[in-house]
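Student: Spelled out, the chains give:
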Amino acid sequence: MVKQISVFLENKYGRMAEATEAIGEAGVNIRALSVADTSDFGILRCIVNDTEKALKVLREKGFTASATPVVAAEAPDEPGGLARLLKIPRDNNVNVEYLYAFVTKSRDNAVVILRVDEYEKLISLLEKGGVKVLTEQEAVSL
Amino acid sequence: MAKKHLIWNERYECMPDSKKKELQLERLKLLVSRVYDKVAPYKAKMDAAGIAPKDIKKLEDIAKLPFTTKEDLAANYPFGMFAVPMKKIIRIHSSSGTTGKPKVAGYTKNDIKMWADVMARTLTCGNTTKNDVVQNAYGYGLFTGGLGAHYGVEKIGATVVPISGGNTKRQILVMKDFGVTKMCCTPSYCLFLSEALREAGLEPGRDIKLNTAFLGAEPWTRELREQVEKNISIDAIDIYGLTEVIGPGVSSECMEKVGLHIFDDNFYPEVVDPDTQQPLPLGEKGELVFTTLTKEAFPVVRYRTRDITRLIPEKCACGRTHIRMERLTGRTDDMLIIRGVNVYPSQIESVIVQIPGLEPHYQILVDRQGAMDMLEVWIEVSPGIFTDNIKGLEKLEKRIRGEMESVLGIGVKLKLVEPKAIQRSEGKAQRIIDRRTVYDK
Numbered sequence: 076m077v078k079q080i081s082v083f084l085e086n087k088y089g090r091m092a093e094a095t096e097a098i099g100e101a102g103v104n105i106r107a108l109s110v111a112d113t114s115d116f117g118i119l120r121c122i123v124n125d126t127e128k129a130l131k132v133l134r135e136k137g138f139t140a141s142a143t144p145v146v147a148a149e150a151p152d153e154p155g156g157l158a159r160l161l162k163i164p165r166d167n168n169v170n171v172e173y174l175y176a177f178v179t180k181s182r183d184n185a186v187v188i189l190r191v192d193e194y195e196k197l198i199s200l201l202e203k204g205g206v207k208v209l210t211e212q213e214a215v216s217l
Numbered sequence: 019m020a021k022k023h024l025i026w027n028e029r030y031e032c033m034p035d036s037k038k039k040e041l042q043l044e045r046l047k048l049l050v051s052r053v054y055d056k057v058a059p060y061k062a063k064m065d066a067a068g069i070a071p072k073d074i075k076k077l078e079d080i081a082k083l084p085f086t087t088k089e090d091l092a093a094n095y096p097f098g099m100f101a102v103p104m105k106k107i108i109r110i111h112s113s114s115g116t117t118g119k120p121k122v123a124g125y126t127k128n129d130i131k132m133w134a135d136v137m138a139r140t141l142t143c144g145n146t147t148k149n150d151v152v153q154n155a156y157g158y159g160l161f162t163g164g165l166g167a168h169y170g171v172e173k174i175g176a177t178v179v180p181i182s183g184g185n186t187k188r189q190i191l192v193m194k195d196f197g198v199t200k201m202c203c204t205p206s207y208c209l210f211l212s213e214a215l216r217e218a219g220l221e222p223g224r225d226i227k228l229n230t231a232f233l234g235a236e237p238w239t240r241e242l243r244e245q246v247e248k249n250i251s252i253d254a255i256d257i258y259g260l261t262e263v264i265g266p267g268v269s270s271e272c273m274e275k276v277g278l279h280i281f282d283d284n285f286y287p288e289v290v291d292p293d294t295q296q297p298l299p300l301g302e303k304g305e306l307v308f309t310t311l312t313k314e315a316f317p318v319v320r321y322r323t324r325d326i327t328r329l330i331p332e333k334c335a336c337g338r339t340h341i342r343m344e345r346l347t348g349r350t351d352d353m354l355i356i357r358g359v360n361v362y363p364s365q366i367e368s369v370i371v372q373i374p375g376l377e378p379h380y381q382i383l384v385d386r387q388g389a390m391d392m393l394e395v396w397i398e399v400s401p402g403i404f405t406d407n408i409k410g411l412e413k414l415e416k417r418i419r420g421e422m423e424s425v426l427g428i429g430v431k432l433k434l435v436e437p438k439a440i441q442r443s444e445g446k447a448q449r450i451i452d453r454r455t456v457y458d459k
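First to last, the sequence lines map onto chains A and B. Quick note: the first sequence, position 14, residue 89 per our numbering, numbers continuous. Quick note: the second sequence, position 264, residue 282 per our numbering, numbers continuous.
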């Protein structure tokens, strides 16, 4: 299990810059990031190298932020790689709320961040299916 | 040129002052005895103030009686202020209360008759006769506007078109095709409609026959009147009322449009200083207070309307002797009137506090977009309700909006905002921002 930071953002000019600025000024590095939005608000989701510190500075700056457990798993960086991985939760009735994926310099595989309710179940299913699941340490040092 | 003034009930509307004062005193005495006997909260308050029905010997003695407030109505919700048994009550209406509970008004058969009479007077103030076709765009239902105006039109024998509120296209169609000559609705809706009529290229006098609109349920400015009258060449008449007193039909302008005639054989007005609660000399501005002299089911004694106005003692050119009140100039509480519906900020707060995890950091924004009022509520997203998924927040938004709309009875735009997005002045949030101009300056 990996902790993701989720931040509530109003759809307002410059808000995203301010949130990421707060994280950066604290010396915390963002490893992966995704934004979901509606016409009125958005949620910034990111994996950072120091979750506690990032949460603390964001809250000090007045943001509503929380830590959310997510699953980070590797998928082969090739056609069909993500689809094969997603077959596992589908075949086992695990509902994926959202996901985002990214490719890193240091690894050959892509990393997929998955948000599910039953993350422990998904981790063991993925491992059984031969998928590499990242530990928190591995994820933050991507 | 002298204006034409039809009068519905000359006996009462043009009653000489001395005779009216006699009538008012006689009715007041009866009322006070009756509420003392029949309505426990009145007896309790009068006993506590050390006043008995026999102490009312002249009209001025009314000032000895305790006030009745909206808090009294809330404490005795729903029927605790009624003076007759339920079997005598033939109708109930209600309007917003300060919390989730509405103010409730009951009516006997005689009350409905009296109401129809004062509404007939109101409509006749704008020269309505049985030859008129009246489009009633007040909402029908628990709101007093729809049925109140409806019975007045029927009493006159004019044709009522009970279209109720909303659906502007249909309003225009009906107005044009049915040859509507008179209209009842809120002033802001009338402005909206007048603009829609112009946009549709309909010409007053040729395509539409509308000549008068009876506009009430919310305060409005002179500018709004001028605009409406100019847009579609009509007379716009200001009418006033409140559920606690009867509904529409408490007072109305005549064609002179200089103050609203209070039907004071039924509704006895006073103006008091809202701070000291002392009666003010006639003609001074203060809070309007009403005593219902003839209502059976739900009489009120010295009910504080929270509306600010002054009484105009001078005689009106129309011939009526009813005392007039000036157009409203404000309120002594935080009630908002949005699209004709009364909204208390406390109602909004009552919804917020009952949702777990939600903190009462909110702001109410009221604005007028074009001619329509918009109510927007901003709520800060506190850690207690924050979730990382959009669906969860949207679900919460929908739930809060749904509960607010059910309590308020009007549409609400809800906006989730970041913590501290709402300005705090000296640690206290500014709750209400009303950008409209609804009162004359």
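Incorrect hints may appear among the rest.
Unchecked claim - When the alpha-carbon atoms are kept at most 25 Å apart in a straight line, the in silico DSS-like pairs for lysine-lysine are as follows: (1) Lys-37/B to Lys-119/B; (2) Lys-47/B to Lys-136/A; (3) Lys-87/A to Lys-47/B; (4) Lys-128/A to Lys-227/B; (5) Lys-136/A to Lys-438/B; (6) Lys-87/A to Lys-431/B; (7) Lys-37/B to Lys-47/B.
Stated by the list, open to error - Simulated coverage check for chain A against chain B, where a stretch passes if three residues somewhere in it have a Cβ under 8 Å from a Cβ of chain B: (8) 78-88; (9) 120-133.
No wet-lab data here; the hints were simulated from the structure. None of the values given here were measured: they were computed from a predicted structure. For glycine and all other residues, C-beta sits at the position ideal for the given N, C-alpha and C.
Student: Count the residues of the region 78-88 of chain A with a beta-carbon closer than 8 Å to any beta-carbon of chain B: does the count reach three?
Tutor: Per the Cβ count (5), the hint holds.
Student: Given the proposed pairing of Lys-37/B with Lys-119/B, does the C-alpha separation stay at or below 25 Å?
Tutor: violated, 41 Å
Student: Quick one, are Lys-136/A and Lys-438/B close enough, alpha carbons at most 25 Å?
Tutor: holds, 10 Å
Student: Would you check the hint for Lys-128/A and Lys-227/B, treating anything up to 25 Å between C-alpha atoms as holding?
Tutor: This hinted pair is violated, its Cα atoms lying about 72 Å apart.
Student: Given the hint that Lys-87/A pairs with Lys-47/B, test it: the Cα-Cα distance must not exceed 25 Å.
Tutor: Violated, because 63 Å separates the two Cα atoms, which is more than 25 Å.
Student: Quick one, are Lys-87/A and Lys-431/B close enough, alpha carbons at most 25 Å?
Tutor: Measuring from Cα to Cα gives roughly 17 Å; hence the hint holds.
Student: Using C-beta distances, would you say chain B covers the region 120-133 of chain A, given that this needs three or more residues below 8 Å?
Tutor: Coverage by chain B is violated for the region 120-133 of chain A (1 residues, Cβ < 8 Å).
Student: Taken at face value, is the distance from the CA of Lys-136/A to the CA of Lys-47/B at most 25 Å?
Tutor: The hint is violated at about 66 Å.
Student: Is Lys-37/B within 25 Å of Lys-47/B, Cα to Cα?
Tutor: holds, 16 Å
The structure fails to meet hints 1, 2, 3, 4, 9 from the earlier list, while all remaining hints are met.
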